[in-house]
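Student: In case you want the letters, here they are:
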Amino acid sequence: MKWDTCDPSEQYLLHLGDDALVLGHRLSEWCGHGPILEEDIALSNLALDLVGLARQYYQLAAKRIGSGTTEDRLAYWRGERDFKNHVLVEQPNGDFADTMARQFFFDAFHLLQLEAIEQSEDADLAAIARKALKETTYRAQHSSEWVVRMGDGTEESHSRISAALRRIWPFTNELFQPAEVDRIAAERGLGPDVQSLREPWLELVREVLTKAHLSLPEVPQKLLRGKSGIHSESLGFLLAEMQSLPRAYPDAQW
Amino acid sequence: MVSADDLRKRLNLVPDPEVPALSVLDLGIVRGLRMMPDGCEVDLSPTYTGCPATEVIERDVREALEELVGQGNVRIQTVLDPPWTSDWISEEGLRKLEAYGIAPPPKRSGDKRSLLGLSIPLNCPRCKSSQTERISAFGSTACKALHRCLDCQEPFEAFKCI
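Protein chains in written order, with our numbering: chain R, 1 to 254; chain P, 1 to 162.
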């Protein structure tokens, strides 16, 4: 199936689902490797929430695309170019500070994005957002608290989180750079004009960084096109692992 | 003749697989229950998006009601909107949670949008002390957080306010 030929509204659902699935999968890689037991459990919970959210978007997309499409088909049988997630969410976990920096920047964006999608013309999509917003608030509080804890902690934790924020920062511009899928979603009243989220996002981010005695990184942004299917080298490896079982054993049952 | 009331009584015996002290009715996830000429219809709201118990609950509800209306005669619909909130747990459910050793959620969902949210003080379900602290916002299941009592020193789980 040529996924690019499906309706742009369905592609918007795939874009939203891909962000949740790819980030959820990344977080699941921490399972059993967390720095402390409580955080191991927390990271696995965050992963579970996000994979659950991806399922909701994919189930809705599958129903609308029809022709026997299923959520599993969307998750496991599309190739790298068919994934429309932000390049930010596919970035490797790095150390714990890198993971939290990635999570913090994305969570703050995700909150604003879902608040806008609550008002979507698409009632099914709005219902998913309304439900997800509650759990996203928990995630955003968790990553914000860690940024503060590390920034306001020891010399070592401060330098780790500062370095992580600098490494992840160049991937944040794509969140606010409209791609084709965003433009159509905004035109059809499905989702926000992502450019309008930049200022409120900066405000949320600044509030937390100030409390953490950190500042906005001053490093140049990257020009990225994940939402058009052009990814960093990381996504291919992630998909190869995530998709290997259903591709090796099609129709495998749990 | 089976009535909607019979269905309700049967559902009151279906436990939540992860918090078996609560029935699916206590949890407030049964949003509609109707007898139809050819069986019955149930509207269920999932608690957490990623909760693995959702599918188990659906199966348990189906099997329980099939005892009354016959196999293949139970239709279950998932209702996402309005989203489930911990405010929908019944008064009895809150009491059962506390007796089971899980601090019940305070009735105040929906007003916490700050990223640096305050954590809500909870009473220890064992010694009832209000001197408690949160260890982690995430616990053994999606719906619970980890806390600790500073008086009796016991760790305890708390149902999240969502």
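Since the hints were made in silico from the structure, they are not lab data.
Certain hints may be false.
Just so you have them, the derived chain R footprint on chain P, three or more residues with Cβ under 8 Å [as the list claims (entries may be wrong)]: (1) 57–64; (2) 75–89; (3) 137–150.
Below are the DMTMM-like pairs computed for lysine to aspartate or glutamate, each with C-alpha atoms no more than 20 Å apart in a straight line [unchecked claim]: (4) K63(R) with D122(R); (5) K63(R) with E18(P); (6) K63(R) with E55(P); (7) K9(P) with E41(P); (8) K211(R) with E155(R).
Computed far set for chain P versus chain R, every beta-carbon distance over 10 Å [what the hints assert, rightly or not]: (9) D5; (10) M36; (11) Y100.
Built from N, CA and C at the ideal position, the CB exists for glycine as well.
Student: All hints are to be evaluated individually against the structure, with a verdict given for each.
Tutor: Now for the hints, and whether the structure bears them out:
Interface restraint, the segment 57–64 of chain P with chain R: violated (0 residues with C-beta to C-beta distance below 8 Å; minimum three). By the rule of at least three residues with a Cβ nearer than 8 Å to a Cβ of chain R, the coverage given for the segment 75–89 of chain P holds, with 6 such residues. Counting residues of the segment 137–150 of chain P whose CB lies closer than 8 Å to any CB of chain R gives 6, so the stated coverage by that chain holds, three being the minimum. Taken as a hint, the K63(R) and D122(R) pair is honoured in the structure, with Cα atoms around 14 Å apart against an allowance of 20 Å.
With a C-alpha separation of about 30 Å, the suggested pairing of K63(R) with E18(P) is violated against the 20 Å cut-off. Between K63(R) and E55(P) the alpha-carbon distance is near 19 Å, which keeps this suggested pair within the 20 Å criterion. Pair hint K9(P) plus E41(P) holds up; C-alpha atoms about 15 Å apart against a cutoff of 20 Å. Distance check on the hinted pair: K211(R) and E155(R) sit about 16 Å apart at the alpha-carbon level, within 20 Å; holds.
Once the 10 Å rule is applied to beta carbons, D5(P) is consistent with being away from chain R; the minimum gap is 30 Å. At roughly 24 Å, the least C-beta separation between M36(P) and chain R is larger than 10 Å, which holds for a residue marked as non-interface. With a least beta-carbon separation of about 20 Å from chain R, Y100(P) lies farther than 10 Å from that chain, consistent with its non-interface assignment.
Comparing the model with each numbered hint stated earlier shows that hints 1, 5 do not hold.
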